[in-house]
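Enquirer: Chains as they are written, first to last, in our numbering: chain G, 1 to 280; chain D, 1 to 318; chain H, 1 to 322.
Simulated from the structure, these hints should not be mistaken for lab results.
A few of these clues could be false.
To be verified - Beyond 10 Å from chain G on every Cβ pair, some chain H residues (computed):
1. Trp-135
2. Gly-159
3. Leu-187
4. Ala-211
5. Val-308
6. Asp-317
What the hints assert, rightly or not - Some chain G residues judged to face chain H by a derived CB distance under 7 Å, without partners named:
7. Leu-231
8. Thr-257
9. Ser-261
Positions of the beta carbon are idealized from the N, C-alpha and C atoms, including for glycine.
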Amino acid sequence: MIREKRTLAGILSWIGLGILVAFIFIGITAPLLVPIDQTKALAYPILQPPSPQHWMGTDGIGRDVFARVIWGARTSLEIMAIGALLALVVGFPLGLLSGYAGGRIDRVLVLVMDSIYAFPGLLLAALIAVVIGKGIFNIGIAITVIYIPLYFRVTRNQTLSTREELYVEAARALGARPRTIMLSYIAFNVVIVIPAIFSLSAADTILTAAGLSYLGFGLEIDVPGDWGRDLSDAQRFLGAGIWWTSLFPGLMIILLTVGLSFLGEGLNDIVNPLLRKERA
Amino acid sequence: METLLKAEDLSVHYSTKRGYVHALDGINLAIGRGETLGIVGETGSGKSTFAKAILGILPPKSRIEGRLQFHETDLARIDAEYFRRIRGKDIALIFQDPMTRLNPLMRIEDHFVETIKAHESVSESEARARAVTALTSMRVPESRIRNYPHEFSGGMRQRIMIALALVLKPSLLVADEPTTSLDVIVEAQILEILEDLKRISSMSLVLITHNLGIVAEVCDRVAVLYAGKLAELGPVEDIFARPIHPYTRLLLRSIISLDTKELHSIEGTPPDLVDPPSGCRFHPRCPYAQPVCAEQVPPFVEFRSGQPASCLFGKDFL
Amino acid sequence: MLLILLTIVFAVLRIIPGDPVAALFAGRASPEIVALTRHQLGLDQPYWQQYVNYLAQIFTGNLGTSIGESYHGKSVLTIILGKLPGTIELTIGAMIVATTVGIITGVVSGTNRDKPSDVALRLYGTIIFVIPIFWLGQILQLIFAVELGWVPAQLRFSGLPLPAHVTGLYTVDSLLEGSLDKFLVALDHLVLPSLTLGLVLSGFFTKTVRANLLRTVKADYVEAARARGIPEGRIISRYAFKNALIPVITVLGLQFAILFAGAVLTEKTFSWDGMGLLLLNSIDSADYPMVQGIIVVYALIIVGVSVVIDVINGLIDPRVRY
């Protein structure tokens, strides 16, 4: 029974990985796949349903939906990369510090991080985005702030539990150099967990970014691909039964996030037993 | 003495990833009405499996072979619903760890009422009255009957468990290491309760433990289990004073008392039950082992009246 | 905790580099007007002074007056309280959907462990949680409102005069008023938004309920109950089920933050007149006090909810009480 379950999650994570790789590929090669300027209005007749010329139809400003969707992948991946990486860069050392040092620093940091975590992510990001303005990098920063607590917390937990073990071990093994060993051991334990956390939160990042764009706080208008904004634009045409401007960008979002989720859960399944074995 | 429970060639296998675990293999013993039988053995000897087999709560992937006769019923052959009606009413079980055995969201009173009503159709108030009687007989104050489990200490929880087991006056009580997780003083109290029960009722008790001291105090007969098979069986005095099977002898020798000058342990570790040793399962650790012990499975025969053992050389140990 | 939250809000709105007032105006006002507004709002005072004023205002319930177009001059607090019921109604509707779907799927999934239904439901849980709320809303609108015409696509109410105001929740108010037709209208409008938000949230519940159920079923006290001959049906309902649901309450509380974010998106998708929509409009009309006020109210509600959850937890789980 146990074996079966692992295989299912295993299959899913391979699918997830495949999806992610596909998206990265699309993102990188977008300019080659779709050499059109995706920001030009009225390049095509507006609101055309899907056809052989326009696989996913055209939107309300006369842009090819398929092309925008492809470019959207690139944009999303950029934001995701910035957001997750920055969050890691900030959250990881803070978590290490907090877990290792303990005491007042720890308590303060934990309180701050928990509060950020408790706040509705989208709203906080929206506020930050409003204040610091639009643009890919700024959105990345806004998203970063919401995810710092996650990396912080994970790193801190790992640091704490590893520290416990090592004190016990160090007591037994006389003459060991606790500090260096501890840091490298902690770092190792944490690094193992990072990919799993990353993929799980990456899915969320995509959704938040799309949400931000949808609400109007995202990127500038002339970015070649922006799933969230496309969905926002699509809204006023729903009443007329225009479905392709809404369906396709959304499906792309779902595909990417589902892939990331599968990958994340699969990685998590692998990492957890590993951690337990390390301890044994 | 009237026989209450009789195991005839009883075997239990679990199916696991690595293969079949032969937890119990060819057990033959009988328990009389009003008798207290101790079952001793190391971890993995099959003691808990035996308890669960009697209660019918073996894990899903297990198979039973042989006969387990309780009154006119073969417990190895009945269906789930039949067994459910027997459980708690005619046969009851006390578990080892009382701390986790009560539903944290249910009051103690509700545990009793629920148990009673699962077997008899009585009114709420009568069930509650019987709950009070059962509890107070275990020296748990009546005022606490509406408390929740987490409000009681380990010793009291075990007493509550015993009261729960006895509330429907079963004819057979199985106690699986009832005092192992309790401290010595509480253990003494629980044992006292069990001894009182012995005197007052005609209930049979199967006491499973690895503690020979308890066996000496409370039991009439004792069965020694090793690697899923019966090593020896007999009255407590005979087993303790004149053990036959080498395993029993080594076990007795390893008991520590105030006079102990040297520590004796049994070399080696209990065998793997997926692939047990050939012939006599104890032969790898037996200081008296002969080549034939690895080839022949020793029969379980009486070398002395009322004291069967499974050793090819039992005669020599009399 | 509350203090920290409020401080964070303060920090974001005032200390972070970048001028929120200017950002809100987004280039539609001349620098002089921006400066004047800042002065009027007291944003050019030293930070510590602002902070003190800010906290003082909050604790006396004065959230300022609106400077936006729609509500100019009116009390921020009053406007917010007027729009709050809308969001509450949506939230409750979504929670009902989320918990019902989540619990049912979680139980079915848990009791049929590793069978096809379990696998399918677990996949459902994972996938639906990452569906963008606004997209799901749009698709549901397309199918059920536009194509099938079963329910309206937008707004909270239409066609009839509004029910007399008691709670602000149109469904409740129309029932209190005794007008069944108004109730149906309100309910009709509530269906799609609740489904949208609720379904997405239910994914999380599915997994949580399932995990808890599986854990409880293996519990020691369950085995002990079986050993007493308690029937299996009762074991599931009284032992497994109830114990498994306890963490769900806590989860509900934790999900509240996500619920709010989701509500904002849902409100925009359905033009649902609640706090979320108010927030968006205020940002559009550069109504700084309103924006700040709404965020502060959000923070207060979040803290309030977590307190309530703790209390409820204490009521249900006797172990938590002292």
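Enquirer: For every hint, state whether the structure bears it out.
Expert: How the hints compare with the structure:
1. Trp-135: Answer for Trp-135/H: violated, closest chain G Cβ roughly 3 Å.
2. Gly-159: Answer for Gly-159/H: holds, closest chain G Cβ roughly 17 Å.
3. Leu-187: holds, 21 Å
4. Ala-211: Fine: 13 Å to the nearest Cβ keeps Ala-211/H off the interface.
5. Val-308: At roughly 14 Å from the nearest Cβ of chain G, Val-308/H sits farther out than 10 Å, so the non-interface label holds.
6. Asp-317: holds, 22 Å
7. Leu-231: Hint on Leu-231/G: holds, closest Cβ of chain H at ~6 Å, below 7 Å.
8. Thr-257: Holds - the Cβ of Thr-257/G comes within 7 Å of chain H, reaching about 4 Å at its closest.
9. Ser-261: holds, 5 Å
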